[in-house]
Amino acid sequence: MKTLTQRLLGPVTLVLLGLTFGFGLWVTPPDKVQGDLVRLLYVHPAIAWVALYVSFGTATVASALYLWRRTRSLVVDRIAYCAVEVSTVFIALTLITGSIWGRPTWGVWWAWDARLTSTAILGVLALGYLALRRANDDPSLRARRGAVFVILSAINVPIIHFSVLWWKTLHQGATVFTDNRTLKVHGTMAWTLLMSFLGFTLSFFWLLRARYRLEVATESRCAATLDDALAARRSEGAL
Amino acid sequence: MGYVAAGYGFAFGGLTLYALSIWWRGHRGRR
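Taken in sequence, the protein lines are chains A and B.
Mind the numbering: the first sequence is residues 468 to 706 in this note's numbering, read in order.
Mind the numbering: the second sequence is residues 245 to 275 in this note's numbering, read in order.
Hint data in this document are derived by calculation from the structure and do not stem from the laboratory.
Owing to the predicted nature of the structure, the values given are computational and were not obtained by experimental measurement.
Careful, some of the hints might be misleading.
Which residues of chain B face chain A? A partial, calculated answer using Cβ under 7 Å [as the list claims (entries may be wrong)]:
1. M245
2. Y247
3. V248
4. A250
5. G251
6. F254
7. A255
8. G258
9. Y262
10. L264
11. R269
12. G270
13. G273
For glycine and all other residues, C-beta sits at the position ideal for the given N, C-alpha and C.
Extracted from the complex, chain A is given alone in its bound form (with noise of 0.2 Å):
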């Protein structure tokens, strides 16, 4: 049976990423240096956000809570992997989304940045772990490796986050908040940053519950299917 928050959910994200669509290309103005290309700003920051510090944060702490044997079981180590498979997506998001901005502002699509690369480098990680999900079918072999990997990379999170302040970058500091924390976006355009960052964190926790009850769907097939293997061997001997 579904809880309240489980039924509102998916509603709920669908509403505020249709309003963000709607706000961000329609109802914000343009921006005085920007113009049109500020509306992407309602799409790539959120993504940001989300594949680096929710996505990727859910991932690390499951993770660590595998590694604890008080709190080890299957069900974090998928939490685990069925976040690190979403955040996957929002990093590629988020590569593309900056990417199609940076054409237009920077005048190259790519710039071995130090912001961009180290994302670029969480990415590769992601794959890398996906890959190493592959590679192995013990069920607690895998676990255990996989939840090294995924706090071994999210190293490169703080690294990414302060790659602005700690080298040269072209891709510019925080720009929503001031240094003494007073917000330099106002009226609609604050908004729709605001219902896109709900709407995408939204969307991952949406997607993660989906992915999560697709991999118990599968891990039940499987030993299924093993079962009546096992059976028709078993058959087979006694004729």
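Guided by the hints, dock chain B onto chain A, whose structure is given.
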């Protein structure tokens, strides 16, 4: 506006395709 359309297309289209891929994998498994 072409860059904006492309950005929104990839962002929303990409997420929709991924959601559909989850649904499709589940649907294929149930058959």
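Against the structure, the hints:
1. M245: holds (6 Å)
2. Y247: holds (5 Å)
3. V248: holds (5 Å)
4. A250: holds (5 Å)
5. G251: holds (4 Å)
6. F254: holds (5 Å)
7. A255: At about 4 Å, which falls below the 7 Å cut-off, the nearest Cβ of chain A leaves the hint on A255 of chain B intact, so it holds.
8. G258: For G258 of chain B, the interface hint holds, since the closest Cβ of chain A sits about 5 Å away, which is under 7 Å.
9. Y262: holds (5 Å)
10. L264: Since the shortest Cβ distance to chain A is 11 Å, the answer is violated.
11. R269: holds (6 Å)
12. G270: holds (5 Å)
13. G273: Because about 6 Å separates G273 of chain B from the closest Cβ in chain A, which is inside the 7 Å limit, the hint holds.
Hint 10 from the list above is the single one not met by this structure.
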